[in-house]
Amino acid sequence: PHRLRLRLDQTRQVRLQVVADTFDILVDEQAEIGPAGRVLRWNVDESGPHFLRLIANEPLRELEVRR
1 PHRLRLRLDQ
11 TRQVRLQVVA
21 DTFDILVDEQ
31 AEIGPAGRVL
41 RWNVDESGPH
51 FLRLIANEPL
61 RELEVRR
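If you're matching positions, the sequence shown starts at 1 in the numbering used here and goes up one per residue.
Check before you lean on any hint, since a few could be wrong.
[Claimed, not checked] Label-pair distances were calculated between CB atoms; the ranges are: (1) P59 to R5: 13 to 23 Å; (2) D9 to S47: 33 to 43 Å; (3) N57 to A36: 16 to 26 Å; (4) L60 to H2: 12 to 22 Å; (5) G48 to Q10: 28 to 38 Å; (6) L60 to I25: 16 to 26 Å; (7) R3 to S47: 17 to 27 Å; (8) D45 to T11: 25 to 35 Å; (9) E62 to T22: 23 to 33 Å; (10) G48 to T11: 18 to 28 Å; (11) Q10 to D45: 17 to 27 Å; (12) E64 to Q17: 12 to 22 Å.
No lab work stands behind these hints, which were simulated from the structure alone.
Beta carbons are placed, not taken as given, at the ideal position from N, Cα and C, and that holds for glycine.
Between the sequences and the hints, there should be enough to build the whole structure, so can you do that?
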């Protein structure tokens, strides 16, 4: 399993997607990210790189991403 911790200074609604290099979407969820942080976990059945896509209605300034 993989995991990332995401944190923002101000709480925002964000759509989170984890996408494989084959463009298969492995995770697709709405989430609230704020000062308390949000942990995103997913299992990987496919080998190869994976990408994190964040979709928001406004810029995500000061986004902190940790493994």
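We went through each hint and held it up to the structure:
1. P59 to R5: 13 to 23 Å: holds, 20 Å
2. D9 to S47: 33 to 43 Å: At 36 Å between Cβs, range holds.
3. N57 to A36: 16 to 26 Å: holds, 20 Å
4. L60 to H2: 12 to 22 Å: holds, 21 Å
5. G48 to Q10: 28 to 38 Å: holds, 34 Å
6. L60 to I25: 16 to 26 Å: At 20 Å between Cβs, range holds.
7. R3 to S47: 17 to 27 Å: Given a distance of about 18 Å, which is inside 17 to 27 Å, the answer is holds.
8. D45 to T11: 25 to 35 Å: holds, 32 Å
9. E62 to T22: 23 to 33 Å: holds, 32 Å
10. G48 to T11: 18 to 28 Å: Once the Cβ atoms are compared, 33 Å apart, the range 18 to 28 Å for T11 and G48 is violated.
11. Q10 to D45: 17 to 27 Å: About 35 Å separates the Cβ atoms of Q10 and D45, which means 17 to 27 Å is violated.
12. E64 to Q17: 12 to 22 Å: holds, 19 Å
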